[in-house]
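Participant: Chains as they are written, first to last, in the numbering used here: chain A, 114 to 444; chain F, 114 to 444.
Bear in mind the hints are in silico, worked out from the structure with no lab data behind them. Accuracy of the hints is not assured; some may be wrong.
Given that identical chains are not distinguished, each listed pair holds provided it fits within a single copy or across any two copies.
DSS-like cross-link-like pairs, simulated, lysine-lysine; straight-line CA separation at most 27 Å [as the list claims (entries may be wrong)]:
hint, residue 1, residue 2
1, K133, K253
2, K362, K439
3, K152, K253
4, K352, K133
5, K306, K322
6, K322, K202
From a predicted model like this one, the values you see are computed outputs, not experimental measurements.
Protein chains: 2
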Amino acid sequence: MSQLRRDPITGRWIIVNYEKSVKPKDFLFEKIKKNENIKDCPFCPGNEHLTPPEIVGHRKSGRPNSPGWSIRVVPNKYPALQREGKLEKRGLGVFDRMNGIGAHEVIIDIPEHMLDIADISDNQAEEMIWAYVSRSTDLKKDLRFKYILVFRNYGKSAGASLEHPHSQLIALPIVPKRVNEELKSSLEYYNYKDRCAFCDMVDQEMNDKERIVEENNAFISFCPFVSRFPYEMWIMPKKHESHFTGLLKEEVRLLGTILRNSMQKLKKLLNDPPYNYIIHTSPINGHEKEYYHWHIEIMPKLVNVAGFEWGSGFYANPVAPGVAAKNLNKA
Amino acid sequence: MSQLRRDPITGRWIIVNYEKSVKPKDFLFEKIKKNENIKDCPFCPGNEHLTPPEIVGHRKSGRPNSPGWSIRVVPNKYPALQREGKLEKRGLGVFDRMNGIGAHEVIIDIPEHMLDIADISDNQAEEMIWAYVSRSTDLKKDLRFKYILVFRNYGKSAGASLEHPHSQLIALPIVPKRVNEELKSSLEYYNYKDRCAFCDMVDQEMNDKERIVEENNAFISFCPFVSRFPYEMWIMPKKHESHFTGLLKEEVRLLGTILRNSMQKLKKLLNDPPYNYIIHTSPINGHEKEYYHWHIEIMPKLVNVAGFEWGSGFYANPVAPGVAAKNLNKA
């Protein structure tokens with residue numbers, strides 16, 4: 114029989130088939146094949162003129178917007194939100210509206226077109242995390258912004274429109290719904306138990322052991338007990354911390370490494386699947402220091418989300434998280 | 114500039130590009146091509162022995178589980194939830210769990226393998242809606258169930274594993290999260306305004322007119338002001354009604370027709386795109402008579418959901434709903 118499981122933070126239920134799992138080779142997901150002509154890739158070294166002027170570029174030497182960089186941050190050429198203008202919040206009958214003000218940046222993680230996170234060095238991984246932190250810290254200063262979302266799409270079916278490895282950062286003038294839900298539930302838990310729900314989850318995962326994928330001094334990576342998707346992984350700081358930008362220098366490196374190692378296991382086991390990962394952190398001026406706990410959610414794109422999931426917010430997961438972690442660790 | 118829009122019921126924000134829209138021919142979605150050998154299709158007439166014994170079969174004559182039917186309802190051969198057993202609700206540290214008890218039925222909407230909702234007659238559409246209502250009414254009697262979800266997946270990328278036209282029904286032992294959210298917000302609205310939020314939305318759409326796709330005496334079909342997806346359509350009863358099973362005989366026919374007509378416009382404009390539709394209705398023993406309003410949400414699968422959407426619950430819609438309705442009406 115399948116099992117229904119509920120997560121205290123999102124209130125989300127999943128149906129998990131823990132008797133027989135879909136085998137890694139039986140998923141029919143998008144096979145990633147990089148076809149793009151590197152000559153035309155706007156993110157490849159030598160094509161710096163094809164992007165808007167860079168916000169950040171790490172180089173040992175050389176001018177901005179020239180080759181020789183190890184990581185580059187540029188404004189998105191086709192931004193979802195734009196930085197100039199006023200919000201002009203208005204009602205429209207039962208609805209609310211405002212202008213699409215925000216920031217939308219692209220982090221070109223590495224110069225190598227053909228590689229991905231799974232293939233990078235410790236230094237490259239550290240630099241990427243450092244870029245996430247420093248861009249977030251900078252954008253926090255704009256008082257119109259309430260939330261900064263850092264995420265990565267890999268593969269067309271996961272929404273990536275360009276092949277070259279890149280992450281994205283969107284600064285929003287409102288706190289998004291999904292974040293509000295997490296804040297609300299974790300506050301309820303905190304009020305009831307006087308403890309952080311995420312800290313309790315870290316403890317439980319560390320005691321159970323069976324769903325852990327990677328671990329170091331500062332972080333654990335695990336397949337959560339209530340995984341929506343097969344081979345979903347979360348990376349969580351062991352120490353309580355509400356905001357991602359609170360990372361210490363040593364933690365930046367440890368986070369880069371555990372992220373790279375987790376993605377390596379995923380790539381090896383499933384033969385380079387598409388995925389999304391998202392950093393969940395507290396809002397810019399939030400007061401959730403004690404009850405919110407930032408983390409990264411990694412969601413491989415192995416199955417299609419169908420009517421049942423859309424209609425219910427319920428997820429049917431064909432691989433028990435314990436089995437997923439075991440397979441990842443064998444990879 | 115893009116616009117941010119918020120829906121009072123789901124609390125969901127969207128970013129809509131209302132200056133330039135993606136053209137219908139520029140979406141890169143799955144092209145539906147039916148390849149399955151009809152001889153092996155378990156839902157085709159003559160193959161009745163390939164499904165579990167039918168729960169309902171409409172025939173002018175002939176035995177159950179034999180050809181000659183116009184619509185058939187069967188248990189899902191690979192159910193997400195099973196009917197036999199006890200719930201056995203338990204805690205597991207911070208998590209909750211229970212056994213996967215429920216019902217999972219398949220409604221084989223029509224005998225014709227190659228057609229879809231857009232192609233069926235008024236009578237066939239009516240019969241399909243009737244099956245949704247009567248199966249829901251029957252399953253309501255099982256006291257373990259709290260919610261009944263009726264939905265339809267069309268195309269592989271929308272989660273359909275078989276080509277033959279079919280809908281699904283899942284009876285759940287809990288009220289799903291998505292439904293709870295709608296109930297909560299519509300209650301807040303009702304407490305504040307003493308009116309149903311959905312009734313206000315129907316009024317506003319009928320006054321604005323520009324987003325209406327189809328209309329008859331009992332229903333409107335429209336591209337909602339806060340559409341998450343390009344060409345999303347909602348069908349809503351004009352008269353306030355919390356539960357889908359409250360439909361009168363005449364309304365069953367009108368609903369079938371407006372659903373078929375809306376899907377016809379979608380199929381014609383976008384050249385047969387994959388889609389999901391979901392009936393949103395109140396829980397079985399709910400007390401939301403006054404503030405909840407059942408409706409159908411139709412979500413064409415034209416774009417991939419990416420990290421931004423997963424992380425925020427925010428949706429970037431590349432086609433303004435007003436433009437979508439205009440295009441659908443020209444089709």
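Participant: All the hints need checking, so say for each whether the structure fits it.
Facilitator: These are the hints, each one checked on the structure:
1. Taking the closest pair of Cα atoms, K133 and K253 never come within 27 Å of each other, the shortest separation being 47 Å inside a single copy and 30 Å across copies.
2. For the homomeric pair K362 and K439, neither the shortest alpha-carbon distance inside one copy (31 Å) nor that between copies (54 Å) is at most 27 Å.
3. Taking the closest pair of Cα atoms, K152 and K253 never come within 27 Å of each other, the shortest separation being 36 Å inside a single copy and 61 Å across copies.
4. Neither within a single protomer nor between protomers do K352 and K133 lie at most 27 Å apart by alpha-carbon distance, with minima of 35 Å and 46 Å respectively.
5. For the identical chains of this complex, K306 and K322 are intra-copy neighbours only, at 24 Å inside a copy versus 51 Å across copies, given an alpha-carbon limit of 27 Å.
6. Taking identical chains as interchangeable, the C-alpha atoms of K322 and K202 lie at most 27 Å apart only when they sit on different chains, with a minimum of 24 Å there against 48 Å within one chain.
Hint violations for this structure: numbers 1, 2, 3 and 4, all remaining hints satisfied.
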